[in-house]
Amino acid sequence: AQKITQTQPGMFVQEKEAVTLDCTYDTSDPSYGLFWYKQPSSGEMIFLIYQGSYDQQNATEGRYSLNFQKARKSANLVISASQLGDSAMYFCAMRETLYNQGGKLIFGQGTELSVKP
Amino acid sequence: KAGVTQTPRYLIKTRGQQVTLSCSPISGHRSVSWYQQTPGQGLQFLFEYFSETQRNKGNFPGRFSGRQFSNSRSEMNVSTLELGDSALYLCASSLRTGGLITEAFFGQGTRLTVV
Numbered sequence: 001a002q003k004i005t006q007t008q009p010g011m012f013v014q015e016k017e018a019v020t021l022d023c024t025y026d027t028s029d030p031s032y033g034l035f036w037y038k039q040p041s042s043g044e045m046i047f048l049i050y051q052g053s054y055d056q057q058n059a060t061e062g063r064y065s066l067n068f069q070k071a072r073k074s075a076n077l078v079i080s081a082s083q084l085g086d087s088a089m090y091f092c093a094m095r096e097t098l099y100n101q102g103g104k105l106i107f108g109q110g111t112e113l114s115v116k117p
Numbered sequence: 001k002a003g004v005t006q007t008p009r010y011l012i013k014t015r016g017q018q019v020t021l022s023c024s025p026i027s028g029h030r031s032v033s034w035y036q037q038t039p040g041q042g043l044q045f046l047f048e049y050f051s052e053t054q055r056n057k058g059n060f061p062g063r064f065s066g067r068q069f070s071n072s073r074s075e076m077n078v079s080t081l082e083l084g085d086s087a088l089y090l091c092a093s094s095l096r097t098g099g100l101i102t103e104a105f106f107g108q109g110t111r112l113t114v115v
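Line order of the protein sequences matches chains A and B. Residue numbering for the first sequence follows my numbering, beginning at 1 and increasing consecutively. Residue numbering for the second sequence follows my numbering, beginning at 1 and increasing consecutively.
Hints may contain errors.
[Said to hold, decoys possible] When the alpha-carbon atoms are kept at most 20 Å apart in a straight line, the in silico SDA-like pairs for lysine to any residue are as follows:
| no. | chain 1 | residue 1 | chain 2 | residue 2 |
| --- | --- | --- | --- | --- |
| 1 | A | Lys3 | B | Glu82 |
| 2 | A | Lys3 | B | His29 |
| 3 | B | Lys57 | B | Leu95 |
| 4 | A | Lys3 | B | Asn56 |
| 5 | A | Lys3 | A | Asn67 |
| 6 | A | Lys3 | B | Asn59 |
| 7 | A | Lys3 | B | Lys13 |
| 8 | A | Lys3 | B | Gln44 |
| 9 | A | Lys3 | B | Phe60 |
| 10 | A | Lys70 | B | Thr102 |
| 11 | A | Lys70 | A | Met11 |
| 12 | A | Lys3 | B | Ile101 |
| 13 | B | Lys13 | B | Pro61 |
| 14 | A | Lys3 | B | Leu95 |
| 15 | A | Lys3 | B | Gly42 |
[Stated by the list, open to error] Residues on chain B that point at chain A, a partial pick, calculated with CB under 8 Å:
| no. | residue |
| --- | --- |
| 16 | Asn56 |
| 17 | Asn59 |
| 18 | Phe105 |
| 19 | Leu112 |
Hints listed in this document are in silico derivations from the structure and should not be mistaken for laboratory results. The beta-carbon is built from N, C-alpha and C at its ideal position, and this holds for glycine as well.
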């Protein structure tokens, strides 16, 4: 069963504007972590931000913030003040803590973000 | 400190051959996970190694195997290559395998082409 859903295959945003990339997840594990990664055309997966299921506050890392709505099972990534270098694929991933005793990550299908000058 | 290093970056192999990919995790990280990325299937978990032991395994045939050495470096082997094995293979490095993991760092990947 698909556990991570990214419904936006591709998105455009104007440089310097904010953009929200959607991610919904499905799990019955009460303890889990959510990750966002950026993958430029070079292929490397760049870790952006992490949110734990028990974290009371939304995670932030520089221009990245995570809009975590636990009841709705959504973990949207917000990028403020978009830059041309933000153009890339973005992946949402989840790690279940109790049901998965290891470090396995489950990924969504990704959203391709294009920043227009 | 150095990041996750994967070698080689690119490989071209012929059907039926075997291939070995290498991953050196971040210093101090003991967990190494491997993923296959293809346009059709996306990112799929292959297996995870921690302290030289396989901890998790994804739904891949036995042709896919791996191991981890005492210095936490890991290798992944694919035998009897098929055209469908063409993919970007990524490895991820984490401090531990269980409990709270707040970071997982990936290497640049090895792009394997099977002809």
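Right, here's what the structure says about each hint:
Restraint check for A/Lys3 and B/Glu82: the C-alpha separation of about 28 Å exceeds 20 Å, so the hint is violated. Distance restraint check for A/Lys3 and B/His29: the Cα-Cα separation of roughly 27 Å exceeds the 20 Å cut-off, and the hinted pair is therefore not satisfied. For the hint linking B/Lys57 to B/Leu95, the alpha-carbon distance of about 19 Å falls within 20 Å, and the restraint holds. For the given pair, A/Lys3 sits about 18 Å from B/Asn56 by alpha-carbon distance, which is consistent with the 20 Å threshold.
Distance check on the hinted pair: A/Lys3 and A/Asn67 sit about 18 Å apart at the alpha-carbon level, within 20 Å; holds. Under the criterion of a C-alpha separation no larger than 20 Å, the hint pairing A/Lys3 with B/Asn59 is consistent with the structure, at around 16 Å. Using a Cα cut-off of 20 Å, the hinted pair A/Lys3 and B/Lys13 is violated, with the two alpha carbons roughly 34 Å apart. For the suggested pair A/Lys3 and B/Gln44, the alpha carbons sit about 13 Å apart, so the restraint of at most 20 Å is met.
For the suggested pair A/Lys3 and B/Phe60, the alpha carbons sit about 19 Å apart, so the restraint of at most 20 Å is met. Between A/Lys70 and B/Thr102, the direct Cα distance comes to roughly 18 Å. Compliance with the 20 Å bound is thereby established for this hinted pair. Taken as a hint, the A/Lys70 and A/Met11 pair is broken in the structure, with Cα atoms around 24 Å apart against an allowance of 20 Å. Simply put, A/Lys3 and B/Ile101 have alpha-carbon atoms about 19 Å apart, close enough for the 20 Å limit, and the pair holds.
Our distance criterion of 20 Å between C-alpha atoms is met by B/Lys13 and B/Pro61, whose separation comes to about 19 Å. With a CA separation close to 25 Å, the supplied pair A/Lys3 and B/Leu95 exceeds the 20 Å bound. Between the alpha carbons of A/Lys3 and B/Gly42 the distance comes to roughly 13 Å, so the proposed pair stays at or under 20 Å and holds. With 8 Å as the threshold, the beta carbon of B/Asn56 comes within range of chain A, its nearest partner Cβ sitting at about 4 Å, so the hint holds.
Hint status for B/Asn59 relative to chain A: violated, with the closest Cβ pair at about 12 Å, above 8 Å. Here the hint on B/Phe105 is kept, as its CB sits about 6 Å from the closest CB of chain A, short of 8 Å. For B/Leu112, the interface hint is violated, since its Cβ never comes within 8 Å of a Cβ in chain A; the closest pair sits about 12 Å apart.
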